[in-house]
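Asks: Could you build all of it, start to finish, from the sequences and the hints given here?
Protein chains: 2
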Amino acid sequence: MNLLGIDLGGTKTSVCIGDENGTIRAARRIPTLASEGPESGLRRTAGLARALLDETGLDPARVDAVGISAPGPVSVREGLMLRPPNMPGWVDVPLVRWAQDSFGRPVFMNNDANACALAEYRYGSCRGTPNLVYLTMSTGLGAGIVLDGNLVQGATDLAGEVGHHVLDIRGPPCPCGQRGCLEIYCGGKNVADRLRARIVKDNARSAILGEAGGDPAAIDFRAFLAAVKKDDALALEFWEEYLERLAQGVGTVIMFFNPQVILMGTIAIHAGEFLLAPLRERVRRYAWAPSVAACRILPSALEGRIGDLSALAVAADGLPPRV
Amino acid sequence: MNLLGIDLGGTKTSVCIGDENGTIRAARRIPTLASEGPESGLRRTAGLARALLDETGLDPARVDAVGISAPGPVSVREGLMLRPPNMPGWVDVPLVRWAQDSFGRPVFMNNDANACALAEYRYGSCRGTPNLVYLTMSTGLGAGIVLDGNLVQGATDLAGEVGHHVLDIRGPPCPCGQRGCLEIYCGGKNVADRLRARIVKDNARSAILGEAGGDPAAIDFRAFLAAVKKDDALALEFWEEYLERLAQGVGTVIMFFNPQVILMGTIAIHAGEFLLAPLRERVRRYAWAPSVAACRILPSALEGRIGDLSALAVAADGLPPRV
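Top line first, the protein sequences correspond to chains A and B. Reminder that position 166 of the first sequence reads as 166 in the numbering used here, one-by-one numbering, no gaps. Reminder that position 93 of the second sequence reads as 93 in the numbering used here, one-by-one numbering, no gaps.
Since the hints were derived computationally from the structure, they do not count as laboratory data. Quick reminder that beta carbons are idealized off the backbone N, C-alpha and C, glycines included.
Quick partial rundown of chain A residues pointing at chain B, CB under 10 angstroms, derived from the structure: (1) Leu147; (2) Asn150; (3) Asp157; (4) His165; (5) Gly177; (6) Gly251.
Replies: Quick look at the structure:
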């Protein structure tokens with residue numbers, strides 16, 4: 001099959017041509033320039049896709065399906081990107097209609113966490129595992145859930161919002177409006193924001209600031225992790241909380257879904273066993289032994305390609321299987 | 001179809017004959033006498049079933065399937081009841097083999113929470129709703145989860161253990177070994193145990209004791225609820241915690257599964273809107289508005305029949321649909 005994949009992100013947008021087995025034949029990437037609004041962004045994306053089809057000599061009429069991975073929340077049923085928190089102005093964007101109009105082919109769409117779970121299920125290191133959870137572990141913390149080989153969507157495509165389940169009813173306020181969400185403790189952006197606020201407020205000396213080149217605005221998860229490895233006191237205080245809260249959240253994922261594997265994205269890939277080894281140990285406090293024993297916790301092995309693969313997986317998942 | 005249903009419980013065991021549409025043609029009940037061990041209990045259960053078949057004149061060879069609902073945890077794949085907390089000595093009981101040997105017909109089994117979810121999906125007030133959660137709300141607090149019309153089992157049949165996800169890492173110890181589980185706050189037995197301990201320890205005056213006839217050992221959830229309605233101070237203190245923690249737990253269920261409906265068992269049926277109205281209000285603190293709006297929270301309407309219906313539903317779910 002010929003599939004056209006579109007991975008629309010808050011920062012960059014990628015377009016690829018590939019097949020249902022996850023072979024990427026060609027891919028191109030542009031900045032999304034989200035602040036310029038959806039009309040401009042989608043026009044440039046369609047142009048990029050047409051250029052890619054031209055370059056590869058693929059007749060658009062021979063594209064079997066278009067797959068779109070987009071920032072959540074989305075409405076799969078209505079084909080809309082609803083209101084992604086990091087893309088102001090992109091409200092109720094009719095992505096599916098846009099792609100149908102642009103390419104004249106069948107279009108399938110899902111949110112990025114779900115699309116990544118489909119990519120892991122089809123192309124990842126644990127492909128074919130019937131019960132599989134993907135945790136994005138990036139700016140935010142979303143989940144895509146495959147149970148008995150099927151992606152879980154929920155009543156209104158909002159299943160798997162594990163980043164905003166409440167770990168502590170008296171915890172810190174989350175930008176989502178609740179308190180003590182998993183994401184306020186473990187989302188990459190929130191951890192950096194909370195560290196920055198603490199350092200500025202206390203005028204604190206911390207290796208984190210050094211790792212960020214002395215600029216509080218440059219504090220990010222990488223700077224945090226580097227400071228943890230240098231045994232910086234403030235970094236270690238946050239690291240302890242980070243690990244414990246991540247273990248609590250992952251424990252709940254295990255108790256609810258009883259998956260064979262949890263695959264973890266960006267931060268877990270970057271931190272590797274330095275994060276995963278203590279996490280596996282601490283999860284035992286927050287889930288029952290037989291369920292923990294049944295579940296491997298692994299970094300995604302698709303990093304670098306997962307954006308393109310997730311868009312292809314959405315297209316492949318939407319089409320009926322060929323007999 | 002002719003289905004034989006067996007609802008094996010810690011206290012009583014029910015046997016029924018019915019069909020795939022949830023029509024119960026005959027039912028009988030005996031005390032399980034769990035302390036006498038599985039051999040005695042299962043021998044008496046088989047005898048009861050044979051007597052029921054005799055009475056109804058149904059040739060055992062014309063039974064299409066046997067369905068068993070059993071206290072969790074169970075291994076559906078291995079046909080075992082593993083180690084139910086309230087039935088000491090019932091360890092790794094091969095229920096499916098026993099029923100095959102006893103009746104010579106196809107046998108299907110599941111844990112009671114899953115079986116109740118199947119009963120709701122097939123016969124309940126919201127039958128056919130594709131995404132549905134059943135919460136047992138009885139001695140313990142378990143869940144059965146139907147997503148896209150399929151029961152969620154998980155990798156090792158342990159999905160849906162929502163009663164033991166951790167709401168507060170510094171919360172009270174739960175008999176399961178963790179701290180701050182949903183069930184320690186909201187399980188009927190745990191609430192009664194914690195109230196009793198508090199009343200005995202503080203030698204407290206409380207209307208709860210009066211509602212229990214002055215006997216601390218007789219304190220149960222009904223006595224607690226009656227005292228709440230009389231504005232007893234201790235009862236109100238626990239009620240506040242009960243509602244808030246139940247809302248937190250239900251909020252997480254909504255964020256993870258995005259169901260169209262959550263059906264609640266025993267305690268919710270007994271307490272009715274006195275419990276459900278404030279619960280619906282408080283859930284808004286622990287789940288996002290669109291997901292809350294998509295989800296009705298209702299009492300089960302199958303009370304009284306749900307045990308028999310859950311066993312029939314397990315049998316009906318196991319058989320291939322008739323064309």
